[in-house]
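Student: Residue numbers (this note's numbering), protein chains in the order written: chain A, 23 to 109; chain B, 23 to 109; chain C, 23 to 109.
A couple of the hints might just be wrong.
Same chains, same names: a pair is fine if it fits in one copy or spans any two.
Taking lysine-lysine and the BS3-like style, the derived pairs with C-alpha atoms no more than 25 Å apart in a straight line are [unchecked claim]:
| # | residue 1 | residue 2 |
| --- | --- | --- |
| 1 | K34 | K56 |
| 2 | K56 | K31 |
| 3 | K109 | K48 |
| 4 | K48 | K34 |
| 5 | K56 | K32 |
No wet-lab data here; the hints were simulated from the structure. Being a predicted model, the structure only gives us computed values, none of them experimental.
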Amino acid sequence: EETLDSVTKKLKEARRLERPPSAMTKRLSCTSIKASGTLASCPPGMIATGCSCGFACGSWNVQNENICHCLCPIIDWTVARCCQMSK
Amino acid sequence: EETLDSVTKKLKEARRLERPPSAMTKRLSCTSIKASGTLASCPPGMIATGCSCGFACGSWNVQNENICHCLCPIIDWTVARCCQMSK
Amino acid sequence: EETLDSVTKKLKEARRLERPPSAMTKRLSCTSIKASGTLASCPPGMIATGCSCGFACGSWNVQNENICHCLCPIIDWTVARCCQMSK
């Protein structure tokens, strides 16, 4: 026969499957990706929140959510600042 | 009479109401808003994580969490990089 | 003896301890920290998503996830754009 303990145990197990512990502790994490030239791509699953460009250039745009593109005529390097939610 | 099945069903329903599935799958999403002049505003609910300015300018500040303001004397366009948590 | 009500009450209490309400309502929040010189640090727990530099400079990197470092030879101020997940 079912008891409170057995019901609780089964529900806890079901809950664990539905809602992994990571859901509780997600936080913002970011990394920087540097590339030579005018384009720098974030790793899969990450999104560009800002870009930095060589030669003091502050003009850039973001392509496809995850690629930094520096817009000045002469650019030696590009950095993508890439973020995601993580455990 | 209550059975394990009926209890489980009721608890699942209650849990669904309390904690919508979206809570589990929230992720970071961003978009860019471009405007002419020195100010660009994020859409409602989004927050500026960085700004890009015309004329190679890298000096900017953020007003009210969601407005990018480029600070160089001559600016033709401003881009706000706007992010939020979304489903 | 246990009833549906008492079981439900105990499970709700257990669930509250495991999963605080804040987990449901977390959102992105950001602030800007301005400092003189070439370095600006985010407050504890926050992460730099982008940087702004004086003298129109758009070249920067991020050290240790939370320190903005402007890279141009002459820099009077640095702003770190700092974000986190919050209630």
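Student: Decide, hint by hint, whether the structure agrees.
Tutor: Each hint tested on the structure:
{"no.": "1", "hint": "K34 with K56", "in the structure": "neither (45 Å within a copy, 47 Å between copies)"}
{"no.": "2", "hint": "K56 with K31", "in the structure": "neither (49 Å within a copy, 52 Å between copies)"}
{"no.": "3", "hint": "K109 with K48", "in the structure": "both (5 Å within a copy, 12 Å between copies)"}
{"no.": "4", "hint": "K48 with K34", "in the structure": "both (21 Å within a copy, 23 Å between copies)"}
{"no.": "5", "hint": "K56 with K32", "in the structure": "neither (49 Å within a copy, 52 Å between copies)"}
The structure fails to meet hints 1, 2 and 5 from the earlier list, while all remaining hints are met.
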